[in-house]
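Colleague: The lines below spell out each chain.
2 protein chains.
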Amino acid sequence: MKIAFLGLGIMGRPMAANLVKAGHEVSVWNRTPKNVEGARTAATPADAAKGVDVVWMCVADTSAVEHVLFGPNGIEGSLRPGMIVVDSSTIAPSATLKFTQRVRAKGADFVDAPVTGSKIGAEAGQLLFIVGGSEKSLATLDPLFAAMGKKYIRVGETGAGESAKIGMNLIIALMFEGLAEGLTLTKKLGVPSEILFDLVQNSMLRSGVSDYKGPFLLKRDFSPNFPLRLMHKDIRLMLESAGENGVKLPALEKVEEIYRQSAEGGLRDEDYIATIKTLEKLSGIS
Amino acid sequence: MKIAFLGLGIMGRPMAANLVKAGHEVSVWNRTPKNVEGARTAATPADAAKGVDVVWMCVADTSAVEHVLFGPNGIEGSLRPGMIVVDSSTIAPSATLKFTQRVRAKGADFVDAPVTGSKIGAEAGQLLFIVGGSEKSLATLDPLFAAMGKKYIRVGETGAGESAKIGMNLIIALMFEGLAEGLTLTKKLGVPSEILFDLVQNSMLRSGVSDYKGPFLLKRDFSPNFPLRLMHKDIRLMLESAGENGVKLPALEKVEEIYRQSAEGGLRDEDYIATIKTLEKLSGIS
Numbered sequence: 000m001k002i003a004f005l006g007l008g009i010m011g012r013p014m015a016a017n018l019v020k021a022g023h024e025v026s027v028w029n030r031t032p033k034n035v036e037g038a039r040t041a042a043t044p045a046d047a048a049k050g051v052d053v054v055w056m057c058v059a060d061t062s063a064v065e066h067v068l069f070g071p072n073g074i075e076g077s078l079r080p081g082m083i084v085v086d087s088s089t090i091a092p093s094a095t096l097k098f099t100q101r102v103r104a105k106g107a108d109f110v111d112a113p114v115t116g117s118k119i120g121a122e123a124g125q126l127l128f129i130v131g132g133s134e135k136s137l138a139t140l141d142p143l144f145a146a147m148g149k150k151y152i153r154v155g156e157t158g159a160g161e162s163a164k165i166g167m168n169l170i171i172a173l174m175f176e177g178l179a180e181g182l183t184l185t186k187k188l189g190v191p192s193e194i195l196f197d198l199v200q201n202s203m204l205r206s207g208v209s210d211y212k213g214p215f216l217l218k219r220d221f222s223p224n225f226p227l228r229l230m231h232k233d234i235r236l237m238l239e240s241a242g243e244n245g246v247k248l249p250a251l252e253k254v255e256e257i258y259r260q261s262a263e264g265g266l267r268d269e270d271y272i273a274t275i276k277t278l279e280k281l282s283g284i285s
Numbered sequence: 000m001k002i003a004f005l006g007l008g009i010m011g012r013p014m015a016a017n018l019v020k021a022g023h024e025v026s027v028w029n030r031t032p033k034n035v036e037g038a039r040t041a042a043t044p045a046d047a048a049k050g051v052d053v054v055w056m057c058v059a060d061t062s063a064v065e066h067v068l069f070g071p072n073g074i075e076g077s078l079r080p081g082m083i084v085v086d087s088s089t090i091a092p093s094a095t096l097k098f099t100q101r102v103r104a105k106g107a108d109f110v111d112a113p114v115t116g117s118k119i120g121a122e123a124g125q126l127l128f129i130v131g132g133s134e135k136s137l138a139t140l141d142p143l144f145a146a147m148g149k150k151y152i153r154v155g156e157t158g159a160g161e162s163a164k165i166g167m168n169l170i171i172a173l174m175f176e177g178l179a180e181g182l183t184l185t186k187k188l189g190v191p192s193e194i195l196f197d198l199v200q201n202s203m204l205r206s207g208v209s210d211y212k213g214p215f216l217l218k219r220d221f222s223p224n225f226p227l228r229l230m231h232k233d234i235r236l237m238l239e240s241a242g243e244n245g246v247k248l249p250a251l252e253k254v255e256e257i258y259r260q261s262a263e264g265g266l267r268d269e270d271y272i273a274t275i276k277t278l279e280k281l282s283g284i285s
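Protein chains in written order, with numbering that gives the first Met the number 0: chain A, 0 to 285; chain B, 0 to 285.
In short, the hints are calculated from the structure, not lab data. Among the hints, a few may not be true.
Which copy is meant is left open, because identical chains are indistinguishable; a pair holds if it fits in one copy or across any two.
No more than 35 Å apart at the CA atoms, straight line, and that leaves these computed lysine-lysine pairs for DSBU-like [unchecked claim]:
| hint | residue 1 | residue 2 |
| --- | --- | --- |
| 1 | Lys232 | Lys253 |
| 2 | Lys280 | Lys97 |
| 3 | Lys186 | Lys247 |
| 4 | Lys232 | Lys276 |
| 5 | Lys187 | Lys105 |
| 6 | Lys118 | Lys20 |
| 7 | Lys33 | Lys150 |
| 8 | Lys105 | Lys20 |
| 9 | Lys186 | Lys149 |
For reference, chain A alone in the conformation it holds in the complex (with noise of 0.2 Å):
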């Protein structure tokens, strides 16, 4: 298929060069130029989607999205009848719908395929894209898919991806967020972190979470595989959403804070475990 992807991110580049490697024909296009080994770059996103069967973009945020698709030198005057429109950025499930409805105006269709997983995920062909969609475009989509995850699961339609999507990252937030509160309250009391992560790893505590940030965590490596500023992001997305519908979020409305002194602190392109370094300043651990 011809592809047009947009956004060569820590997620999206490794993404693309999976489309590349699976034979597709991509152009590709990013904010501050860069390649793609077998791939033409494109100098707009407009020059990326002319002709092409499918749009992917993996941005930033809503207004990264906004941007690409209508914004100058955007998609929208590229789209036409039978194109395919997919996000994998993490944004708003209510802008999701908007820029759905402005897209299905031009004939093309609009899908939300957040992702899961991890920069290595991303590299390996690995994730796992939580996809909202009419099932006819999805079927089209299917070995786009599979080359670059190792599955997807259908939650709904358009806009049902980045609803679940935003929910999942707000579990790993407070999952994390668990993780780091006792690891301080617990090295204050004196426990070693190394045996009370041991502890954790031989209960009902383990995790993906614990088993893929606890390694970085105790060894305070803090190089930025998802960084804080995005999951940051993110949780003001979970608040938006929250706060547009009436949902209250009482322990989620504490993380953001920890991630906002975070980022005035200096921390915004570290990993987000590096919030832990926040609650062990307001605890006088140094």
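Start from chain A and add chain B according to the hints.
Modeller: Chain B alone, transformed into the frame defined by chain A:
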């Protein structure tokens, strides 16, 4: 060995039964009279503890431990050199250290051995003990741990077991809060909880907590395995220990409020997963 087992609640009773099954001579006592087949029922803690090698406590909270140890008819008068007092209650680490001093003044030793695992784990002899105490006493206790649990992990000296235990329960409380807030938000956004849970179980979000609590949540079965009032008590312990030590636990403070509201709303004796009903109420889901 001759063992006094004090406290025959959800966890204590099957633990005492497993000691009887392993061939030990067990006397039991409970605040409201209860029996364990094959054990002698004592009228008071002091009576139960007369002439035993080990006193094992599994009671509700710090004041219950204090009462069993030093209250009227407490075991203090029955203590003699060489005896070991083991506490499987979850109480404040600072209280454990105070009690240890008074017990050691009588020549007996004190070991804190709070447990993780549910009623089912207690019945199956599959508990994990988180232990603080001297290596000498732990060697003596080894066959008793083996009769009740799959293993024990020594965290450090007396008191360290309680510190690690409240850290683990803190992590559980926030892991579950994540599930509850995630399910509440996505339910309001129109994603069926069964689908969100399926995503959780197919991702790095899966944990022993989601494995164990998820199915009860989906069935809306709130019968108590770990009653809300006990988790609430533990959360208050964590916050007390944090306060004593200058530690800040921002998300947990909010979780405490939810448990308080839930308890005031009549959910004290349901499982702690019933806190989701409080979140749903706050969010206009009925």
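Colleague: Each of the hints needs a verdict: does it hold here or not?
Modeller: Hint by hint, here is what the structure shows:
Both within a single protomer and between protomers do lysine 232 and lysine 253 lie at most 35 Å apart by alpha-carbon distance, with minima of 15 Å and 21 Å respectively. For the homomeric pair lysine 280 and lysine 97, the shortest alpha-carbon distance between copies (29 Å) is at most 35 Å, but the shortest distance inside one copy (42 Å) is not. Within a single copy, lysine 186 and lysine 247 get their C-alpha atoms as close as 31 Å, and across copies as close as 12 Å, so both meet the 35 Å cut-off. In this assembly of identical chains, lysine 232 and lysine 276 lie within 35 Å of each other by CA distance both inside one copy and across copies; the values are 19 Å within and 28 Å between.
Proximity of lysine 187 and lysine 105 under a CA criterion of 35 Å is satisfied inter-copy only: 30 Å between copies versus 59 Å inside one chain copy. With identical chains, the CA atoms of lysine 118 and lysine 20 are at most 35 Å apart within one copy only, with a shortest distance of 17 Å there and 52 Å across copies. In this homomeric assembly, lysine 33 and lysine 150 come within 35 Å of each other (Cα to Cα) only inside a single copy, at 27 Å, whereas the closest approach across copies is 53 Å. For the homomeric pair lysine 105 and lysine 20, the shortest alpha-carbon distance inside one copy (31 Å) is at most 35 Å, but the shortest distance between copies (74 Å) is not.
Taking CA atoms no more than 35 Å apart as the test, lysine 186 paired with lysine 149 passes between copies only; the shortest distance there is 26 Å, against 38 Å inside one copy.
When held up to the earlier numbered hints, the structure conflicts with none and fits them all.
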